[in-house]
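Enquirer: Assemble the whole structure, with the sequences as input and the hints as a guide.
Protein chains in written order, with our numbering: chain A, 1 to 278; chain B, 1 to 278; chain C, 1 to 278; chain D, 1 to 278; chain E, 1 to 278; chain F, 1 to 278.
It is possible that some hints are incorrect.
Pairs of lysine-lysine residues, derived as BS3-like cross-links and limited to a Cα-Cα distance of at most 30 Å, are as follows [what the hints assert, rightly or not]:
id	chain 1	residue 1	chain 2	residue 2
1	E	Lys165	E	Lys233
2	B	Lys72	B	Lys233
3	B	Lys12	A	Lys12
4	E	Lys72	C	Lys34
5	F	Lys233	B	Lys233
Calculated directly from the structure, the hints in this document are not laboratory data.
Single-letter residue listing:
There are 6 protein chains.
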Amino acid sequence: MLSIHLVNDILKRSFREDIGSGDLTTNYCVPPDKVGSGRLMAKEEGVLAGIDIAAQAFSFLDQSVKSKLLFKDGQRVNRGDAVLIVEGPLQPILTSERIALNLLQRLSGIATQTALWVEEIKEYPAKLTDTRKTTPGLRMLEKYAVQVGGGQNHRLALDGGIMIKDNHIAAAGGIEKAVQAARSRAPFTLKIEVEVTNLDDLEEALAAGVDIVMLDNMNTEIMHRAVQINAGKALIEASGNVTFSRLKEIAATGVDYISSGALTHSVKALDFSFLLNR
Amino acid sequence: MLSIHLVNDILKRSFREDIGSGDLTTNYCVPPDKVGSGRLMAKEEGVLAGIDIAAQAFSFLDQSVKSKLLFKDGQRVNRGDAVLIVEGPLQPILTSERIALNLLQRLSGIATQTALWVEEIKEYPAKLTDTRKTTPGLRMLEKYAVQVGGGQNHRLALDGGIMIKDNHIAAAGGIEKAVQAARSRAPFTLKIEVEVTNLDDLEEALAAGVDIVMLDNMNTEIMHRAVQINAGKALIEASGNVTFSRLKEIAATGVDYISSGALTHSVKALDFSFLLNR
Amino acid sequence: MLSIHLVNDILKRSFREDIGSGDLTTNYCVPPDKVGSGRLMAKEEGVLAGIDIAAQAFSFLDQSVKSKLLFKDGQRVNRGDAVLIVEGPLQPILTSERIALNLLQRLSGIATQTALWVEEIKEYPAKLTDTRKTTPGLRMLEKYAVQVGGGQNHRLALDGGIMIKDNHIAAAGGIEKAVQAARSRAPFTLKIEVEVTNLDDLEEALAAGVDIVMLDNMNTEIMHRAVQINAGKALIEASGNVTFSRLKEIAATGVDYISSGALTHSVKALDFSFLLNR
Amino acid sequence: MLSIHLVNDILKRSFREDIGSGDLTTNYCVPPDKVGSGRLMAKEEGVLAGIDIAAQAFSFLDQSVKSKLLFKDGQRVNRGDAVLIVEGPLQPILTSERIALNLLQRLSGIATQTALWVEEIKEYPAKLTDTRKTTPGLRMLEKYAVQVGGGQNHRLALDGGIMIKDNHIAAAGGIEKAVQAARSRAPFTLKIEVEVTNLDDLEEALAAGVDIVMLDNMNTEIMHRAVQINAGKALIEASGNVTFSRLKEIAATGVDYISSGALTHSVKALDFSFLLNR
Amino acid sequence: MLSIHLVNDILKRSFREDIGSGDLTTNYCVPPDKVGSGRLMAKEEGVLAGIDIAAQAFSFLDQSVKSKLLFKDGQRVNRGDAVLIVEGPLQPILTSERIALNLLQRLSGIATQTALWVEEIKEYPAKLTDTRKTTPGLRMLEKYAVQVGGGQNHRLALDGGIMIKDNHIAAAGGIEKAVQAARSRAPFTLKIEVEVTNLDDLEEALAAGVDIVMLDNMNTEIMHRAVQINAGKALIEASGNVTFSRLKEIAATGVDYISSGALTHSVKALDFSFLLNR
Amino acid sequence: MLSIHLVNDILKRSFREDIGSGDLTTNYCVPPDKVGSGRLMAKEEGVLAGIDIAAQAFSFLDQSVKSKLLFKDGQRVNRGDAVLIVEGPLQPILTSERIALNLLQRLSGIATQTALWVEEIKEYPAKLTDTRKTTPGLRMLEKYAVQVGGGQNHRLALDGGIMIKDNHIAAAGGIEKAVQAARSRAPFTLKIEVEVTNLDDLEEALAAGVDIVMLDNMNTEIMHRAVQINAGKALIEASGNVTFSRLKEIAATGVDYISSGALTHSVKALDFSFLLNR
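Expert: Rendered as structure tokens:
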């Protein structure tokens with residue numbers, strides 16, 4: 001699902017950043033003609049995400065390095081599971097190990113946390129969705145990891161939807177004017193979403209015919225009333241101050257989407273290690 | 001301390017990633033000639049890192065956007081503190097808000113956590129240091145944030161030091177051979193570090209005249225003996241399984257450096273928000 | 001509306017392409033310290049588009065070159081109108097003249113043709129829209145010119161909407177399955193459009209709850225029936241074999257959008273010339 | 001004849017522009033492992049140009065996509081001719097279809113128009129040549145299409161010949177001084193061309209020993225006298241206000257080259273479509 | 001004469017190469033707010049080339065660094081001459097010093113050697129010219145330095161002239177066929193040069209109407225006869241085994257151009273140093 | 001030892017620089033389907049460096065071009081030795097010939113000179129080392145060539161060691177303060193070197209515990225005393241005014257390293273030629 005070209009661009013700058021003038025230790029201590037194999041091992045339990053990217057990283061410097069995937073993204077791994085076997089000349093394998101791990105650990109951390117949250121609200125129709133609060137430079141990888149964990153993506157970038165926030169409303173001179181301006185000029189293939197903080201704004205947004213309403217920082221009681229007022233006209237997204245402990249009560253209000261920046265901005269890496277076979 | 005060019009490269013790809021074909025909402029809802037001001041506010045307590053980068057982000061699309069810094073990196077901020085005032089045309093300000101926040105929140109999160117850890121061992125001579133387990137593409141920013149939090153940097157990239165790990169040792173045919181190979185070919189301005197997992201290896205490394213020894217995954221008792229055996233010959237770095245709760249006991253062994261990947265790979269963003277002035 | 005950075009990237013590669021190792025004629029025949037002024041003149045009647053881009057091109061090599069705009073994009077110009085005054089060192093002015101003209105002429109050609117077509121259907125609610133049949137590398141500029149001419153943009157790129165064509169339907173195993181697949185995985189901020197070639201498909205698409213239906217290569221009678229069947233449920237786009245002479249009859253069917261690739265792929269440049277003032 | 005690297009650079013930015021964050025429709029509606037084949041069909045009569053580029057586009061995202069060319073550039077195609085068979089995984093084929101078509105249609109449009117013009121003057125020795133009035137970013141492709149259509153290339157870029165226009169002459173202080181300046185400093189492998197608007201200038205240019213004279217916007221009578229005055233000393237190029245209807249009379253004056261910007265700046269795309277085989 | 005953009009691209013990669021992750025010494029030992037001034041001094045006698053480039057290098061990291069040029073390119077400098085004063089914050093000045101020097105020393109070395117060679121043949125009409133044997137990545141800078149030293153440029157790149165060597169002749173099936181192929185397809189603004197190794201080939205080349213003949217590795221007697229045979233029809237270039245000691249005798253044969261790769265591939269840097277003012 | 005990616009980046013810009021819009025001579029005179037073979041020949045005696053790079057250059061435009069290496073880097077070649085056989089389509093072979101030669105000649109020139117200098121001091125323990133006075137853009141290639149010739153590398157870039165020169169000392173307020181600043185903030189994997197011009201400074205540097213002292217422009221007598229004062233505490237590097245004729249006497253003082261910029265900034269290319277097999 002992820003473009004090989006996009007991943008390649010990320011790997012290119014990652015290797016440039018990490019190698020600098022050269023991996024001197026490997027260059028000088030490991031004979032260039034030495035070949036071998038190694039395995040990526042999970043060191044804790046979680047949901048795997050980024051295994052193809054890790055494989056691409058290991059082959060980045062030398063296409064003769066070959067990987068065999070023992071798990072697929074989305075699968076649950078346990079401590080001690082070997083997830084990838086890599087084989088080939090040792091120099092490029094050792095130089096790429098850290099980048100493969102850094103990416104795999106972060107993406108699997110995101111997928112693991114997302115899966116936990118999704119599980120929490122599985123009895124409700126509400127879907128868990130990410131935000132634009134992603135790591136600069138890794139947006140698409142992180143959004144992919146959210147999908148792997150069972151979440152759904154909000155817009156991928158600023159061109160993937162009209163999202164009118166309070167600042168836009170103020171600048172445009174009101175909700176209706178803002179919606180009107182967007183509708184008359186933006187590509188008609190994009191939905192229009194408006195952020196509201198109270199029920200009056202909600203009514204104004206619905207009157208303007210918006211496709212999605214985002215309820216910002218509301219308590220669950222108000223959210224519930226918003227859902228009732230909406231009565232299926234627009235999609236409803238709950239956002240702001242979304243924590244794991246509040247997930248269920250938010251989902252119970254009947255909103256369609258619950259979005260959380262923490263899925264991508266506060267991530268505990270899932271631990272993996274790489275071992276050469278002796 | 002951070003190069004403006006390096007930050008600019010990161011901003012360039014961040015904006016390309018986030019804007020895509022255009023910030024359509026802002027372009028169509030906010031009049032191009034509308035000017036105004038806003039402020040970046042801390043929403044929780046922590047150590048500020050990246051405020052100059054945030055300012056650079058706000059001016060990235062339009063140099064007529066001006067920032068006034070109310071806090072400096074390294075200062076402690078509290079919930080409600082305004083840390084930056086930004087002023088100029090609203091379109092570029094609104095389009096750059098998210099990128100400024102994403103970077104500032106991550107770097108301040110790193111600095112805050114680092115400061116907490118550094119505080120924990122302040123009574124010992126041991127210094128806290130980072131690793132290469134950083135976010136691909138943001139290495140230098142994250143290493144900078146570790147410095148801001150009071151930590152010291154380990155090597156910045158693979159060309160900034162010789163670090164001989166077990167795989168290198170195996171490939172080279174032993175510690176002495178590996179050290180010899182590196183010393184005869186690497187730039188003589190780089191120190192040579194060897195990773196050891198037991199005291200025999202430590203003795204072999206010291207005999208080979210290494211500059212730094214890394215004690216990998218040792219318990220504190222063994223670490224303590226390693227420090228005694230070393231007797232000041234090399235610098236000693238403790239690594240592996242370093243958690244906050246173990247920090248003090250590790251420091252008490254007398255090691256010179258304690259390194260932890262968690263400082264950069266498992267970060268809780270420090271919360272900030274951006275508000276336009278009405 | 002167009003990002004200065006995006007235009008700058010296009011200019012950068014245009015200048016690299018046109019200059020190669022250097023504008024030798026100008027470098028050797030025009031003294032570096034010679035300054036002067038010139039004007040961009042319309043040589044035929046039409047709608048201006050790209051005047052800011054032309055100004056940016058003239059200053060690209062040397063920021064001391066200054067432009068004064070006498071017309072704005074969207075205004076109608078006549079043969080003989082001076083639209084831009086440029087002033088500064090002659091070397092960069094002469095080297096950039098051709099690139100400024102090449103872009104201005106193409107964009108104004110697009111805006112002029114679009115305006116003609118829009119005028120033709122002004123009495124109907126249908127809106128004229130472009131396609132992805134744009135010049136590779138100039139997409140956003142050409143879409144901008146369509147807006148300047150009074151047209152509306154279809155999706156800007158493949159990530160700006162879900163557009164399910166016959167090949168996608170066949171691969172997915174039917175309209176409903178394709179729509180279902182997209183809805184469950186794509187960002188929920190994007191509308192879903194399905195291309196249909198007959199009324200049965202139209203009914204299936206409407207049953208699947210699509211947001212937009214594209215009537216592909218239908219005659220106007222069938223289009224009219226499609227509009228009736230739709231009865232306001234989805235937006236209706238007419239496409240395929242759209243020529244100027246058919247515009248009115250298509251608009252009269254009651255469709256919401258009429259899209260045409262010819263707006264951008266078959267353009268007659270609007271003629272301009274650049275004259276130095278003596 | 002076209003460099004694969006140059007075409008690759010153009011494709012790279014075309015795909016980046018068109019794909020953005022991803023071809024979401026294809027990614028989500030077409031199974032990744034689905035393979036198939038399709039064919040590029042001509043929908044009108046004309047001269048084919050760019051078929052290798054189209055093939056390269058189809059393989060750009062995935063080298064396992066293979067093309068079989070049924071026609072070669074320069075051949076005449078008729079409505080209904082299949083010109084290219086493409087085979088492989090459907091996802092990359094569908095994502096690249098539009099870019100392949102956009103390029104093929106434009107280049108074939110140029111070749112078709114050029115061939116028509118060349119045919120018109122085939123009984124005269126005069127050769128038809130292009131200008132620098134090409135689409136920014138596609139210069140070499142368009143110049144190649146002119147060749148395919150039977151035209152000859154004028155200089156490819158500003159470094160491929162000395163071309164002294166009126167502005168250069170004025171800045172240098174006369175034709176002789178300008179020619180002298182260029183001859184003493186420019187690479188001696190480049191010919192020197194001077195633009196003249198009257199016969200006095202022509203004589204001055206010939207006296208200065210130029211290699212080529214460009215007759216700018218002259219009527220055919222004056223052109224004819226210019227040819228006589230020149231008497232074979234320099235090459236003569238006719239330019240300015242060159243339309244199809246005037247081609248023959250211009251050629252009849254005995255000039256060596258006739259140049260026209262319309263060959264590349266006002267192009268009607270040649271229509272092709274892509275069909276998957278069922 | 002050199003494009004600021006071209007120089008900027010060279011500086012950008014030079015700084016990236018030299019700085020890597022940062023100029024750590026300067027960053028940590030020099031306070032960021034410390035300002036001062038310094039001067040570039042010639043340490044030996046020669047011809048200055050690249051002084052503007054050196055100034056551009058000093059300002060590359062920080063535009064507030066200002067330079068004052070005391071000499072201009074082409075002037076002769078003596079040991080002890082200050083050629084440039086630079087003033088501003090010390091950090092960027094110290095970080096850029098080495099790159100400024102590396103470029104200035106190389107270019108001045110080229111100009112100095114070229115000037116010596118030009119002087120040697122000043123009594124003859126023959127002009128000294130460079131080749132494509134330049135340092136990869138610095139072509140235009142080195143060709144510029146040759147001009148500064150009084151030499152003339154041969155073609156700047158492979159697209160700046162047709163140069164048919166023995167391999168091309170063999171592949172094309174003879175001189176006449178090769179010339180014919182080039183003339184019918186290459187831009188007519190480029191001269192056609194043929195390399196010949198004997199007088200028979202010379203006659204064949206002249207018969208084919210070439211613009212330039214290159215006499216490859218001939219002794220001066222044969223060169224002289226070639227000049228007589230040519231009798232002014234084509235330009236004559238002498239090449240191969242051109243050393244300083246042979247310059248005069250080659251020039252005396254009456255050839256138009258003498259080309260030498262040594263002007264750019266075997267250069268002794270002209271020594272300069274940079275001193276901060278105390 | 002050299003990264004294929006790094007070499008590829010250098011080749012990419014070298015080809016872009018040399019080809020420009022196209023190798024017109026080859027494109028038009030050599031049939032695209034013509035294949036053949038050729039050989040790289042040494043034309044003088046020396047040490048080979050860069051043969052793999054030359055092979056990579058020949059395959060850069062077309063991977064079907066294959067090379068067979070007859071010599072390896074570090075081997076001594078004699079006039080007439082064929083060092084590389086290349087085989088494949090003639091067009092890409094002829095277009096890449098010059099770049100392959102330009103790089104091979106420069107690197108072999110460096111290795112040859114380095115080997116000569118190393119030989120001169122072989123009876124002493126002192127090692128010959130390079131500097132940062134390399135050709136901008138070719139740093140790593142030139143440092144590699146120094147290694148091939150038997151020299152050792154000084155730091156590869158500004159991030160590969162702390163090197164405190166007089167300007168840094170002045171700015172920091174003395175040697176001790178500068179060393180202290182660097183030690184407390186720079187990665188602890190880097191050695192600290194201080195440049196001294198007299199014995200007092202040497203003592204101060206040693207007192208500050210530096211790892212390396214560079215003796216700048218000292219006469220051999222002072223150097224000798226410096227070595228005695230140092231008594232093995234730090235490594236000693238001699239620099240400044242290092243010529244071939246002084247090498248032995250400097251080495252005899254007992255210094256550990258002798259560094260010379262001339263190894264890379266004043267290089268006589270080693271002559272090679274490329275011949276197609278007939």
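Enquirer: Next step is simple, just say for each hint if it's right about the structure.
Expert: Cross-check of the supplied hints:
At most 30 Å may separate the alpha-carbon atoms for a hinted pair to count; lysine 165/E and lysine 233/E meet this at roughly 20 Å. Restraint check for lysine 72/B and lysine 233/B: the C-alpha separation of about 39 Å exceeds 30 Å, so the hint is violated. For the proposed pair lysine 12/B and lysine 12/A, the alpha carbon gap of about 16 Å is at most 30 Å, so the pair holds. In summary, the hint linking lysine 72/E to lysine 34/C is supported, as the alpha carbons are separated by about 19 Å, within the 30 Å threshold.
Our distance criterion of 30 Å between C-alpha atoms is met by lysine 233/F and lysine 233/B, whose separation comes to about 13 Å.
The structure fails to meet hint 2 from the earlier list, while all remaining hints are met.
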